[in-house]
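A.B. asks: Letter by letter, the chains look like this.
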Amino acid sequence: MPKPNSINRELRKFLSPLLTGERSFTYNEAVEIREARLRARVNEIARFYDEKGRMPSFSEIGEMAGLRSKNAVSKLVTRLKELKVLEKDEKGRLIPKSLSSPVKVMGTVEAGWPSPAEEELLDTLSLDELLIQNREATFMLKVTGDSMSGAGILPGDMVLVDKHLTAKNGDIIIAEVDGQWTMKYLKKRGDSVALLPANPKYAPIKPKSELRIAGVVTAVIRKYK
Amino acid sequence: MQSQPLTIHSWPRAILHLDADAFFASCEQAINPKLKGKPVITGKERGIVAAASYEAKARGIERGMRLFEVKKLCPEAIMLPSDYETYSLFSLRMFEILRRFSPIVEEYSIDEAFVDLTGLRRSFHGPYGLIAQKIQETIETELGLSVSAGLSLTKVLAKIGSKHRKPHGLTLIPGRDIHLHLKSLPVEKVWGIGPNTAAFLNKLGIRTALEFARKDENFIKKYFSKPFRETWDELNGRSVYPVTTESKSDYQSICKSKTFTPPSADKTFVYAQLSKNLENACIKARRYHLAAKRLTLFLRKQDFRDEGLEIRLSSPTAYPSQLFDALRRGFERVWRPGTLYRASGVIMAGLVPERNVQYTLFDNVARIERTARVYGAVDSLSRKYGKHTVMHASSLPTKIQAQHEGERGDTPHRKTNLFKGENRRQRLGVPMMDIEV
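Chains as they are written, first to last, in the numbering used here: chain A, 1 to 225; chain B, 226 to 662.
Hints may contain errors.
The calculated label-pair distances, taken between Cβ atoms and stated as ranges, are [as the list claims (entries may be wrong)]:
1) Leu643(B) x Lys75(A): 44 to 52 angstroms
2) Asp50(A) x Lys447(B): 47 to 55 angstroms
3) Ser348(B) x Gly53(A): 45 to 53 angstroms
4) Asp550(B) x Phe58(A): 39 to 47 angstroms
5) Thr636(B) x Gly179(A): 27 to 35 angstroms
6) Ile233(B) x Asp128(A): 48 to 56 angstroms
7) His389(B) x Phe58(A): 56 to 64 angstroms
Here are the simulated SDA-like pairs of lysine to any residue, each with C-alpha atoms no more than 20 angstroms apart in a straight line [to be verified]:
8) Lys261(B) x Ser209(A)
9) Lys640(B) x Leu160(A)
10) Lys483(B) x Arg561(B)
11) Lys645(B) x Tyr224(A)
12) Lys645(B) x Leu160(A)
13) Lys440(B) x Leu231(B)
14) Lys359(B) x His164(A)
15) Lys492(B) x Glu532(B)
16) Lys225(A) x Glu535(B)
17) Lys640(B) x His613(B)
18) Lys70(A) x Leu94(A)
19) Lys142(A) x Cys480(B)
20) Lys52(A) x Ala597(B)
21) Lys52(A) x Asn581(B)
22) Lys263(B) x Glu210(A)
23) Lys446(B) x Glu471(B)
24) Lys225(A) x Gln651(B)
25) Lys261(B) x Glu176(A)
26) Lys282(B) x Glu294(B)
27) Lys509(B) x Thr596(B)
28) Lys259(B) x Ala65(A)
29) Lys612(B) x Cys480(B)
30) Lys518(B) x Ala574(B)
31) Lys645(B) x Leu127(A)
32) Lys624(B) x Phe549(B)
33) Lys142(A) x Leu260(B)
34) Lys223(A) x Gln651(B)
35) Lys142(A) x Thr641(B)
36) Lys612(B) x Arg47(A)
37) Lys88(A) x Glu44(A)
38) Lys483(B) x Glu535(B)
39) Lys509(B) x Asp50(A)
40) Lys645(B) x Leu154(A)
Please keep in mind that the hints were generated in silico from the structure rather than gathered at the bench.
Glycine included, each C-beta is placed from N, C-alpha and C at the ideal position.
Take the sequences, apply the hints, and build the full model.
C.D. replies: In structure tokens:
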């Protein structure tokens, strides 16, 4: 049975709320605070690198993070290495790996006895990466009409258009039909092609002469605030 | 003898020169497909043609033409204000596409690139010509831009190739065909040979590029300096200039100048423009952590002649507050009342890394350190809220009076068509299509 004064200070933090019955509240808060502090420290280091053109030394990191002992800094650096934010080169110097703090995809938290849980950092995707596959071929378009309102695309929305993808049956495309530009569902069955709206006010379009496809709509974005 | 090839090697190196056709106008046609096939010109806010689409060129419209001339020649020409933000996005994307094919891409200008394709036949399982074609097609499909390309053994030859057939041309010049391409090419059309050298060559009886290339080494050494010897080597298929990938990390000098329309004889306004040039130059110097030892200021008159002077600084700096004194005194020396000026500019030269700056006994180090902190704060604010969030008062008149006045003072469509979350200064780095759906 471990002696009380050799119990990890952090574990004690969780033991006491357990006794008072406020367990889950304090646990989440502790994780949030830790994460926010870590993110703030990463931002500080990123700013340093951006301004000075080099990575800070251990003592400079200590200064920025408000850590007095080299040991504490060393622990922080190890943590950052685990998170793949930075790494050491062959000479043992710090080099940045990824200093932009993307939104983290949190791993599952183990239920049951709460050990000081480590957030499981899975591969992180930024919003850019999530929304844009072919960067050079992606354009944006502000929607003015309501012919696709049934598909959830409303006037004022932004749609992302990918010129690299080949339009398939069921895709929403931006196309020029008989001289007019429009955004519709593509219905392709063998050789026959039709453009379908998502609004009963509009009739389907059967191209008479020309159908030119400018791109495939891959996402719709609407900001509320 | 005349019909003998210049070199027996077909492809010791394969260098591609890519040149976008009527770039600015083509970008406008790419984001607004309704403009395709129509005469489009950009540069409306300046009152002159900055770029003209091929359809416009076919109607006789040329770069530099005034807008009223355009209206006379081609009343249905569509005149648009310049949208540099969109053009820059297209340019970056074009270079990114090139980098998919080869890591050795040199961004020569906003719409030109060199790509080293040597050795890639293996990975693409095809001849160099096919790779070049694929590049052209990819840019056309993904960006909607048409580019012309020249593929040859050297940069000089590749450039000759890309100019050979425009628009949407692809010209291959393998070693054994070089002489065929140079035979009827006037020598002044060669990259690196300007009108003066061409005149000199003409006096020596050399009129075509082939004649120049066929001269022997002793002749070239006798009459020409190193750069022209290098051009001669390149014309002969011997690659001297490699395709360089380094982005600018170091500068010899930083020049910031801006033209203002209409031209002005207002002393306060012109000084404000010059002051803003200086702030911009300093911002760039600070961004690359450089400090300047020499400062040149100049004013350009209507006849395109510049008047200015160079000031040597006691210690290198990138802080405007330390330079305004010299700038003002220089300006007073150059300024001629009653003269209409069309542009002002500043050149910061003798650039050294800022951390190498040593202070002398006479420098007020405390004041300099404080100045450094002030500009550190200014730069942070610029990063957060945009460039020129904080400006020196002397530059303020530029904010009040538009850069280019008159009904031509249009803003590009992109800047007025904002999405939620965007503002006047900051917009998404994705080109916006101008289609109504």
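A.B. asks: Among the hints numbered above, which are violated by the structure, and what are their numbers in rising order?
C.D. replies: Violated: hints 3, 16, 19, 23 and 28.
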